[in-house]
Amino acid sequence: MSDYKVQLDEVFEGPMDLLLYLIKKNEVDIYRIPISKITSQYMEYLDLMKMIVPDVAGEFVVMGATLMYIKSRMLLPEDQQVADPEAVADEMDPRWDLIRQLVEYKKFKEAAEDLQQRELFQESVYSRQQQGLGFDTPTEDGPSLGDLSVFDLLNAFNRVLKRSDAADDLRDIFEDRFTVSDKIDFILKLTAVEERTSFSRLFDGMASKTEIIVTFLALLELIRLRQLRVAQSESFGEIDIVRVKQEEAAAPAQTEGGETEPGSTSGPTNP
Amino acid sequence: MELKSLIEAILFAAQKPLPLKEIKAILARPDESGNSEITRAFKKAKESEISEAIERLKVDYTQQGRSFQIQEVAGAFHLISQPQFAPWLKQLFEERRSGRLSLPALETLAIIAYRQPITRADIEGVRGVAVDGVMQTLLERGLVTITGRAEVPGRPMLYGTTKSFLEHFGLSNINELPAVEELRRVNLNLPESTAPATPETPTPTDAQPATTPEAS
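Protein chains in written order, with this note's numbering: chain X, 1 to 271; chain B, 272 to 487.
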């Protein structure tokens, strides 16, 4: 599979690419694709690809089938063609869906080329803030907490896992020493002491992969239960784990109670 | 003293791109040590005036053939060197910013940029190939992010571009992309069912009364 990625990606990114290439090579109008000609050429390429890599990506095969289907429909006399209930009168041409998709894809391909131009431009210009002049460049306003997704967590988890790889002894068979509920207790205890703790600290001193994975599962469970929140102050920075205050709901009620009695003497004694 | 010279100095000294709002804030509260008569003149500068001054600076730089220009990135202004000096300026920096994106990544990014918020299935509908690997790269590099979930069966995630995307491509905002109206237009296709690469799936639109399977 990975071989395919290396070899064919450079030639044709997908079936749409191949089709566009064939249309360009034959110098035909994209809106009037000579379907039989393009189909046979497409199949030739498909066979060629199969020779290089036996497991050609399914998408190429599916497109081949689509082309064959369109070709077969076009061979039928018009009055015998299966009426597509969703098609509007001028969309009766069986090629229409494909053409529409090709045109759209082509536009995005052009947009991608434009992005590439911009990328090259950005790469060749230098602005003042990059050099830093030896000072600590002020960190930009970090993304808001909402920017942190489960993928950031997974990435961080992956780093922890990789770190442990060396220490993991694969020859030993571990008994089920670590359970998610144990680790939930562990994390809750840890966050009970400090309201905010860092993600990597959670895994300090853990050598076995099982333990790390179980701890991570426990963390996810606690986030799901809204016991914990995760936050990140800068992109790719350390992820913080923050305990959600249980009294949070009760807190505003107390302050409101204070405001409703403005006339009362200061320092009311709470029971 | 001219407003544009003052802004030029601010942009020159700034360590990060400055949005209009921030330039306005700087003008509004100058250091006490300054000549109050002069500083007062700029205290009330409006964002539109600052914007005009920046435009005048841009014209000046072009006319004088300066070695730098003003670029607006993600709604903020900064000075950048002209691209033709890159071969030399490169020497000043040890490592260059993160590498270029592959063409498949750029294509996927273009689709997301124009059609956001968009589901993975819709991206694949346009490209005709699976985008898992590419999406992973884009998410890791922070160029796209999950913006929510589509209110269709399965509640698939929706993706959109980030501020890093604008910065990476030197865009001020999404509308700066070429042909934005044309490409952003809602897909003519019915929800992905027309894409040849994807098998017939029940369309999320309940308004469509019957998707007759025997049509194919």
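Think of the hints as simulated: they come from the structure by calculation, not from any bench. C-beta: ideal position from N, C-alpha, C; glycine also. Any given hint could be a false lead.
To be verified - Computed list of lysine-lysine pairs in BS3-like fashion (alpha-carbon distance at most 27 Å, straight line):
(1) K109(X) - K434(B)
(2) K37(X) - K106(X)
(3) K295(B) - K434(B)
(4) K25(X) - K37(X)
(5) K434(B) - K107(X)
(6) K292(B) - K434(B)
Stated by the list, open to error - What follows is a list of derived Cβ distance ranges for each label pair:
(7) S319(B) - A192(X): 48 to 56 Å
(8) E44(X) - G425(B): 32 to 40 Å
(9) E113(X) - V423(B): 37 to 45 Å
(10) R224(X) - P358(B): 46 to 54 Å
(11) E273(B) - L120(X): 45 to 53 Å
(12) V423(B) - P34(X): 18 to 26 Å
(13) L120(X) - K315(B): 37 to 45 Å
(14) A280(B) - D204(X): 46 to 54 Å
Hint check results:
no.	hint	result
1	K109(X) - K434(B)	holds, 22 Å
2	K37(X) - K106(X)	holds, 20 Å
3	K295(B) - K434(B)	holds, 22 Å
4	K25(X) - K37(X)	holds, 12 Å
5	K434(B) - K107(X)	holds, 24 Å
6	K292(B) - K434(B)	holds, 17 Å
7	S319(B) - A192(X): 48 to 56 Å	holds, 53 Å
8	E44(X) - G425(B): 32 to 40 Å	holds, 38 Å
9	E113(X) - V423(B): 37 to 45 Å	violated, 32 Å
10	R224(X) - P358(B): 46 to 54 Å	holds, 53 Å
11	E273(B) - L120(X): 45 to 53 Å	violated, 35 Å
12	V423(B) - P34(X): 18 to 26 Å	violated, 37 Å
13	L120(X) - K315(B): 37 to 45 Å	holds, 42 Å
14	A280(B) - D204(X): 46 to 54 Å	holds, 49 Å
Going down the numbered hints, you'll see the structure goes against 9, 11, 12, while the others check out.
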